[in-house]
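**Q** Since chain A is already given, all that's left is putting chain B on it; use the hints.
Keeping their order, the protein sequence lines are chains A and B.
For the first sequence, my numbering begins at 10 and goes up steadily by one.
For the second sequence, my numbering begins at 1133 and goes up steadily by one.
Derived from the structure by calculation, the hints contain no laboratory data.
We put the beta carbon where it would ideally sit given N, CA and C, even for glycine.
Worth double-checking, as some hints may not be accurate.
[Unchecked claim] Footprint (simulated), chain A over chain B, 3 or more residues, beta carbon under 8 Å:
no.	stretch
1	1138 to 1146
2	1152 to 1162
3	1181 to 1194
4	1253 to 1259
5	1326 to 1333
[What the hints assert, rightly or not] Pair by pair, the computed Cβ-Cβ distance ranges are:
no.	chain 1	residue 1	chain 2	residue 2	range
6	B	R1278	A	G150	47 to 53 Å
7	A	S264	B	D1390	48 to 54 Å
8	A	G268	B	Q1181	15 to 21 Å
9	A	Q137	B	Q1181	43 to 49 Å
[As the list claims (entries may be wrong)] To give a feel for the contact side, a few chain A residues facing chain B, derived at Cβ under 8 Å:
no.	residue
10	D46
11	D71
12	D74
13	L77
14	L81
15	A82
16	A135
17	D152
18	N246
19	L252
20	P263
21	W266
22	L267
23	G268
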Amino acid sequence: MRVFYFLLIFSALILAATLMIQNFTQDPTRQLKVMKDMSFFAMSIFCTIFAIVATANLIPKDIEDRTLYTILAKPVPRFEYLFGKYLGSMLVIFVSVTVMTILLSAFLYLRQEALLSDLQEYMQVAEQEAEQAPGAIENEGLDLARVEASSLRAQGPSWSLLAAVVAISLQAMVLGAITLCVSTFASSGLFTVVVAFVVFFVGYIEPVVVDSWRSSTEGISGFSNLLISAVGVVFPNFQSFNLVDGIVAGETLPSGWLGRITGLAVSYIAAYLVAGYLFFADKEL
Amino acid sequence: MTSKRWLAVLLLIVFGAVRMPFEQRIEAGLKAAHFREGVTVPDDSMREQLGQLGAAAALGGFRSFLATMFELQATTAYANKDYEKVSKHYLLATQLHPREAGYWEMAGWMMGFNAVAYYLGEETEGKYSTAMRVNLARKSVDEALRFLENGLRYVPNDYGINRNLGNLLVRKKGDFCGAAEAFGRAADSMDGPSLAQRHHVYNLAYCPGQEEEAYSKLKALGKFFKGGPNPLPDERIPPAFLFHIRYFEKLFDIPAEDRFKSLLDLGALYEKLRRNFEVGQQYEKRHVLNMQRLEDVLGIPKSNRIPFGKKSLRPLQGGAN
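Here chain A stands alone, though its shape is the one from the complex (with noise of 0.2 Å):
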């Protein structure tokens, strides 16, 4: 329920961004570029959010309601009992981030096609006025409405925001994993989402200061390259699922990444349930 009230909000978020941003700039590419920078940071935000709160709850709930010791008390694996678990809650995800996706694009689509209607309005106008004029074969504001409406097309729902869509999950399930993996040794639910939320922080940041800390003219020494690689290797790489600015920025994937970036998200699914299954697997309960 709480989820469908998110997706209202995302809606009246979108429907906002379309209404302010005409106050402030009059340029048709731009305007659509807020309305899927906005999109895209209240999808990155719901699914970060969702991923760690609800998944790190989902133990700690089953433990407090005793529903957990019920199900174990059939024949029921524990690794079933966690991998269903994951996958209800990465339903949740799935469903909403579609629910999105959808909304966004057509969004999107609408503006798109009445931005590009009033464009071509005004170059029929422009091309009647340049008929008129001395030598306007070419013409200052058919230049600009031509490459305006070139980016103003490049700007709608395309397959390169799906590809931003689908990183974003993929970003979202991978927390999860590790979310989960983290419940199945902690003691508190709180204390899974502050860990949750540092190793993301961490697992975002770090690539950026260690490629600018190897990059500097000072290099760095043995040691220091020594524990950066330990650091690489406890914490997982969030950088490596961030496409959404490069696609907002109309970037274009090289084809098979997306298919790299995937089983790279699969590889740390997998890991981190198998993890988290043997921690759980000893835990008493």
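**A** Leaving out everything else, chain B in the frame of chain A:
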């Protein structure tokens, strides 16, 4: 800790070691595809402006969103005519999202034209001395140039950045060669004929040492006007094109039969334009040069020409004031 727990820890460590080279390859591929432009540890000044939360958000995959927020703030600052803030916010937006051409283009336009119009306009009269207003305007133009030139490092073929750079160089710097290059790049980024192509040729026509290239491109433009299924009638031939091509035909002593055919009366055009010129008024360098070129083409004697002097140029026209 039991053996299963040790096994879990070992599994995560082995997985961490195995995945790292794969992740490094993904990172290198994304960098090569420009997905990592602007992803860097913010320097002190940027961190100060972003705040700790903003800096974390910038690193945490929200650069595009933050850049949009800064652009909105720049737009608000523009509405309040606070151009220092406009520049500051656009600087952050461009640093966060350098492959987004629109930020560079708008920053260049805001600082190169809007800020200059504000500093040299009536609103700042009495508020600052004339020298200070010109100085502020000159600084704004330099800032705009920095924005546009830096933008070209990330998106070299963008129409908007090149067009704004061309306009800025010719209108605020009097740099015709630089403007010709910028308009040339803008024209190359478009399919088919464009006004940017015409601007490229007109600016090239004032670029010393490029006379032959300019004449050859003017001839090509002439073929475009007169050729094709719908040739332009004489009255629709752009006057600027005509006096430029006439100038080079005269310069290179082109035989009459090879000259561009047009019955358009440049003398009448000159008389019409001359009526608008007033002694004591200031003009852009390109307008002064256009009039002088028309006078050259028409062979108007020196005594009858418009008496342009150094003071006839507006501020910021290539250091002529």
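**Q** Give a verdict on every hint.
**A** Here is how each hint holds up against the structure:
1. With 6 residues carrying a beta carbon less than 8 Å from a beta carbon of chain A, the stretch 1138 to 1146 of chain B meets the three-residue requirement, and the given coverage holds.
2. As drawn, the stretch 1152 to 1162 of chain B meets chain A at 7 residues by the rule of a beta-carbon pair under 8 Å; at three or more, the given contact holds.
3. Counting residues of the stretch 1181 to 1194 of chain B whose CB lies closer than 8 Å to any CB of chain A gives 5, so the stated coverage by that chain holds, three being the minimum.
4. Interface restraint, the stretch 1253 to 1259 of chain B with chain A: violated (0 residues with C-beta to C-beta distance below 8 Å; minimum three).
5. Counting residues of the stretch 1326 to 1333 of chain B whose CB lies closer than 8 Å to any CB of chain A gives 5, which reaches the minimum of 3, so the coverage claim holds.
6. Between R1278 (chain B) and G150 (chain A) the C-beta distance comes to about 28 Å, which lies outside the given range of 47 to 53 Å.
7. Distance hint check for S264 (chain A) and D1390 (chain B): the Cβ-Cβ separation is about 53 Å, which falls inside the suggested range of 48 to 54 Å.
8. For G268 (chain A) paired with Q1181 (chain B), a C-beta distance near 39 Å fails the hint of 15 to 21 Å.
9. For the hinted restraint 43 to 49 Å between Q137 (chain A) and Q1181 (chain B), the CB-CB distance of approximately 47 Å keeps it satisfied.
10. At about 4 Å, the closest approach between the beta carbon of D46 (chain A) and any beta carbon in chain B falls short of 8 Å, and the interface hint on this residue holds.
11. A hinted interface residue such as D71 (chain A) counts as satisfied when its beta carbon comes closer than 8 Å to some beta carbon of chain B; here the least separation is about 20 Å, so the hint is violated.
12. A hinted interface residue such as D74 (chain A) counts as satisfied when its beta carbon comes closer than 8 Å to some beta carbon of chain B; here the least separation is about 26 Å, so the hint is violated.
13. This hint is violated: L77 (chain A) has a C-beta 19 Å from the nearest C-beta of chain B, more than the 8 Å allowed.
14. Contact between L81 (chain A) and chain B, as hinted, is not supported at the beta carbon level, the nearest pair being about 16 Å apart and thus beyond 8 Å.
15. The interface hint given for A82 (chain A) is broken, as the beta carbon of that residue sits about 21 Å from the closest beta carbon of chain B, more than 8 Å.
16. A least Cβ separation of about 11 Å between A135 (chain A) and chain B goes past the 8 Å threshold, and the interface hint is therefore violated.
17. Checking D152 (chain A) against chain B by beta carbon gives a least distance of about 5 Å; that is within 8 Å, so the hint holds.
18. A hinted interface residue such as N246 (chain A) counts as satisfied when its beta carbon comes closer than 8 Å to some beta carbon of chain B; here the least separation is about 5 Å, so the hint holds.
19. Taken as an interface hint, L252 (chain A) checks out: its beta carbon lies about 6 Å from the nearest beta carbon of chain B, inside 8 Å.
20. Hint status for P263 (chain A) relative to chain B: holds, with the closest Cβ pair at about 5 Å, below 8 Å.
21. At a threshold of 8 Å, the smallest CB-CB gap from W266 (chain A) to chain B is about 6 Å, leaving the interface hint in force.
22. Proximity of L267 (chain A) to chain B is violated relative to the hint, the smallest CB-CB distance being about 11 Å (cut-off 8 Å).
23. Nearest Cβ of chain B to the Cβ of G268 (chain A): about 11 Å, over the 8 Å cut. The hint is violated.
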